[in-house]
Amino acid sequence: MRHQKSLYAIPILFLATILFATNFNTSDLSEASTTDSSTMTIVSDDENFDKMMAVLMHKRCVNCHPSDNVPKQGEDSHPHYFGMSRGEGNLGYEATNCNTCHQHENDDFSGVPGAPEWSLAPQSMAWEGLTRVEIAQSMLDPARNGGRSHHEVLEHLTEHELVLWAWTPGIDAAGNPREAPPVPVGEYVEAVTAWFEAGAVIPAE
Amino acid sequence: MKISFTINGQPQSVDVDDGNTPLLWVVRDTLNLKGTKFGCGKAACGACTLHVDGEAVRSCSYAVKFAEGKSVTTIEGLGTRENPHPVQQAWMEEVVPQCGYCQPGFIMATAALLDKNASPTDDDIDRNIINVCRCATYVRMRKAIHRAAELTQSSNNPANQ
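Residue numbers (my numbering), protein chains in the order written: chain S, 1 to 205; chain C, 1001 to 1161.
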């Protein structure tokens, strides 16, 4: 009987060890992955890549990098109202185009967003539906990125006013603030710069 | 804040407290040009369409400060009773309006389209004329747009008349 009790003790001890380890890991992760508007989840070894892609996969970016030539709108990324589409030159159609409604600044009276060079990304830069690795590969591929060098991609990502608009996206027609990307702009610029300086290595996933 | 621009061919200056005031408000309430309509106020319906430097613009989402130094045309400046614009003439011939509220916006959008595309197809019309008409006068408008294209081409080439 005493021998049987000691046999039970072994799996109980093993289970307790697992529970302790699981609990320890969970509490550790919960600190590292706390998310709100100013922090982001760390999910790989390359923190800079994670921060950059958390931004680039956000709706403020992907809404204008569609895969079906239809710009997306809003927090739910619904198709742009009234059948607006890419048209020639990524600006809509000859008489009804982006600038019919979108100007160089957000318009808080109407809730229409705006920034310099408001337009869709070219078709070759379609990101909608891609994984973050696929987006990064597309971004670095001169055949798809408009022939940009790494330095030019870095400039686009960190200096282009239309890209930086994502952090000042204004309010919608109901007065609700649009959601900004989950990494603060300064932290994002630092991460993108560091990632390129480190060789722009896309992690295998 | 003083904003100067040309409207319907006439130089104009307005004083506004806020340069972000929609051009629509200035056109209607300051300049008393009531032909341009307020519809949705969020650049969706197109009732407020006018031209800025020849381009169709939804004036409810266009800050008046952006009009500085530019040429604005409203429905009042498109044509006259005696000499209507071909789009206005076509609208009358096809008896397009029902309640009429949205029609100035459609007319201005169509005039901008014909400036760019003298002979629009139905697909061109579908892509470019995306204003909203609650009376659903779309079929008559499509006929009128094609008629306006004919009138424009005739006026550009009198030999066709």
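If you're looking for bench data, these hints aren't it; they were derived computationally from the structure.
We treat Cβ as the ideally placed atom computed from N, Cα and C, and that holds for glycine.
Just to be clear, a hint being listed does not mean it is correct.
As the list claims (entries may be wrong) - Just a few of them, taken from the derived set where beta-carbon distance is under 10 Å, the chain C residues facing chain S:
#	residue
1	Ala1043
2	Ala1044
3	Ala1063
4	Val1095
5	Gln1098
6	Cys1099
7	Ser1119
8	Pro1120
9	Asp1122
10	Arg1127
11	Ile1129
12	Ile1130
Claimed, not checked - Restraint ranges, calculated between C-beta atoms of paired labels, are given here:
#	chain 1	residue 1	chain 2	residue 2	range
13	C	Thr1006	S	Trp167	58 to 64 Å
14	S	Asp108	C	Val1139	34 to 40 Å
15	S	Asp108	C	Cys1099	29 to 35 Å
16	S	Thr193	C	Gly1079	26 to 32 Å
17	S	Phe82	C	Gln1153	46 to 52 Å
18	S	Glu187	C	Cys1135	51 to 57 Å
19	S	Asp108	C	Glu1068	16 to 22 Å
20	S	Asn176	C	Glu1093	53 to 59 Å
21	S	Gly74	C	Asn1156	40 to 46 Å
22	S	Phe82	C	Val1139	40 to 46 Å
23	S	Glu88	C	Lys1143	24 to 30 Å
To be verified - Over the 10 Å line for every Cβ pair with chain C, so calculated as not near, a few chain S residues:
#	residue
24	His102
25	Gly111
26	Arg132
27	Arg144
Evaluation of the provided hints:
1. The closest approach between the C-beta of Ala1043(C) and any C-beta of chain S is roughly 4 Å, which is under the 10 Å cut-off, so the hint is satisfied.
2. The interface hint given for Ala1044(C) is met, as the beta carbon of that residue sits about 6 Å from the closest beta carbon of chain S, less than 10 Å.
3. Here the hint on Ala1063(C) is kept, as its CB sits about 6 Å from the closest CB of chain S, short of 10 Å.
4. Here the hint on Val1095(C) is broken, as its CB sits about 24 Å from the closest CB of chain S, past 10 Å.
5. Interface restraint check: Gln1098(C) against chain S, minimum CB-CB distance 20 Å, threshold 10 Å, status violated.
6. Evaluation of the Cys1099(C) hint against chain S yields a violated restraint, the C-beta minimum of about 20 Å exceeding 10 Å.
7. Restraint check, Ser1119(C) versus chain S: the minimum CB separation of about 12 Å is more than 10 Å; hint violated.
8. Hint status for Pro1120(C): holds, given a least beta-carbon distance of 9 Å to chain S, under 10 Å.
9. Using the Cβ-Cβ criterion of 10 Å, the hint placing Asp1122(C) at the interface with chain S is not satisfied: the shortest such distance is roughly 13 Å.
10. With 10 Å as the threshold, the beta carbon of Arg1127(C) comes within range of chain S, its nearest partner Cβ sitting at about 5 Å, so the hint holds.
11. The beta carbon of Ile1129(C) is positioned within 10 Å of a beta carbon in chain S (closest approach about 7 Å), and the interface hint is therefore held.
12. Contact between Ile1130(C) and chain S, as hinted, is supported at the beta carbon level, the nearest pair being about 4 Å apart and thus within 10 Å.
13. Distance hint check for Thr1006(C) and Trp167(S): the Cβ-Cβ separation is about 37 Å, which falls outside the suggested range of 58 to 64 Å.
14. For the pair Asp108(S) and Val1139(C), the beta carbons lie near 37 Å from each other, so the given range of 34 to 40 Å is met.
15. The hinted range of 29 to 35 Å is satisfied by Asp108(S) and Cys1099(C), whose Cβ atoms lie roughly 30 Å apart.
16. Between Thr193(S) and Gly1079(C) the beta carbon distance is about 56 Å. The supplied range of 26 to 32 Å is therefore violated.
17. A beta carbon spacing of about 28 Å between Phe82(S) and Gln1153(C) contradicts the range 46 to 52 Å that was offered as a hint.
18. At roughly 53 Å, the beta carbons of Glu187(S) and Cys1135(C) sit within the given window of 51 to 57 Å.
19. Distance hint for Asp108(S) and Glu1068(C): a CB-CB separation of about 19 Å, consistent with the stated range 16 to 22 Å.
20. Between Asn176(S) and Glu1093(C) the C-beta distance comes to about 45 Å, which lies outside the given range of 53 to 59 Å.
21. The hinted window of 40 to 46 Å between Gly74(S) and Asn1156(C) holds, with their beta carbons roughly 43 Å apart.
22. One distance hint, 40 to 46 Å for the beta-carbon pair Phe82(S) and Val1139(C), is violated here, with the actual separation near 18 Å.
23. Hint check: Glu88(S) to Lys1143(C), Cβ distance near 27 Å, so the stated range 24 to 30 Å holds.
24. Non-interface status of His102(S) relative to chain C is broken: a Cβ of that chain comes within 10 Å, the nearest being about 8 Å off.
25. At roughly 5 Å from the closest C-beta of chain C, the C-beta of Gly111(S) falls inside 10 Å, breaking its exclusion from the interface.
26. Distance to chain C confirms Arg132(S) as a non-interface residue, since its nearest Cβ pair spans about 33 Å, more than 10 Å.
27. Once the 10 Å rule is applied to beta carbons, Arg144(S) is consistent with being away from chain C; the minimum gap is 26 Å.
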